[in-house]
Amino acid sequence: SAVISQKPSRDICQRGTSLTIQCQVDSQVTMMFWYRQQPGQSLTLIATANQGSEATYESGFVIDKFPISRPNLTFSTLTVSNMSPEDSSIYLCTIGRSTEAFFGQGTRLTVV
Amino acid sequence: AQKITQTQPGMFVQEKEAVTLDCTYDTSDPSYGLFWYKQPSSGEMIFLIYQGSYDQQNATEGRYSLNFQKARKSANLVISASQLGDSAMYFCAMRVVGSQGNLIFGKGTKLSVKP
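From first to last, the protein sequence lines are chains A and B.
With the numbering used here applied, the first sequence covers 14 to 125.
With the numbering used here applied, the second sequence covers 7 to 121.
Hints are not guaranteed to be accurate.
[To be verified] With a Cα cut of at most 30 Å, we get these calculated BS3-like pairs of lysine-lysine: (1) K22(B) x K76(B); (2) K79(B) x K78(A); (3) K113(B) x K22(B); (4) K9(B) x K79(B); (5) K76(B) x K116(B); (6) K76(B) x K113(B); (7) K20(A) x K79(B); (8) K76(B) x K9(B); (9) K79(B) x K22(B); (10) K78(A) x K113(B); (11) K79(B) x K113(B); (12) K22(B) x K20(A).
Since the hints were derived computationally from the structure, they do not count as laboratory data.
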């Protein structure tokens, strides 16, 4: 099973700034997924990141706010841009491999 | 539309007793997988157990078992011999084979284990 490393694990950021979250997998994977979990809520898919193509965003999420990079088959980044307190959430990455569904450790973001 | 329903916002269980967390799902696809996760207060998502739609037997992993009733479209998680460390949020999720591969989550159940 794949090991997924995500960082930072937490951060406190000023409104109006941006934060880039990194997700590293110990093996090659075609698809990676980014989720957001707002306080007290379930997980919501932000976007699907395929290597070699632009990310596919879910309704309510736009590239200008959440740009994603996928430079190779083991790495992806999610940037939360121009942050506001409403962006305070846990952000999680995972991979799309049949029976495997492990997550990174998550990034707990607080925007002040 | 694909959907996961968890109807128990919160559950209490006495330490050392068994508890069942409910999950029903909705999909018209014949090939899918069902997952359960534990999320402690740290926020990480811990994978517990997986059941494929064509699996003949219910999945088991240590103290966790999945009561899979395909006709009823239910995939309940059973935790035996509850421990204080089991107190956490539990999420049921589904992945449809042939879709883009993302997981669809239920709203979760908060389990509290009492000493």
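Evaluated hints:
{"no.": "1", "hint": "K22(B) x K76(B)", "result": "holds (29 Å)"}
{"no.": "2", "hint": "K79(B) x K78(A)", "result": "violated (37 Å)"}
{"no.": "3", "hint": "K113(B) x K22(B)", "result": "holds (26 Å)"}
{"no.": "4", "hint": "K9(B) x K79(B)", "result": "holds (11 Å)"}
{"no.": "5", "hint": "K76(B) x K116(B)", "result": "holds (25 Å)"}
{"no.": "6", "hint": "K76(B) x K113(B)", "result": "holds (21 Å)"}
{"no.": "7", "hint": "K20(A) x K79(B)", "result": "violated (37 Å)"}
{"no.": "8", "hint": "K76(B) x K9(B)", "result": "holds (15 Å)"}
{"no.": "9", "hint": "K79(B) x K22(B)", "result": "holds (29 Å)"}
{"no.": "10", "hint": "K78(A) x K113(B)", "result": "holds (25 Å)"}
{"no.": "11", "hint": "K79(B) x K113(B)", "result": "holds (17 Å)"}
{"no.": "12", "hint": "K22(B) x K20(A)", "result": "violated (36 Å)"}
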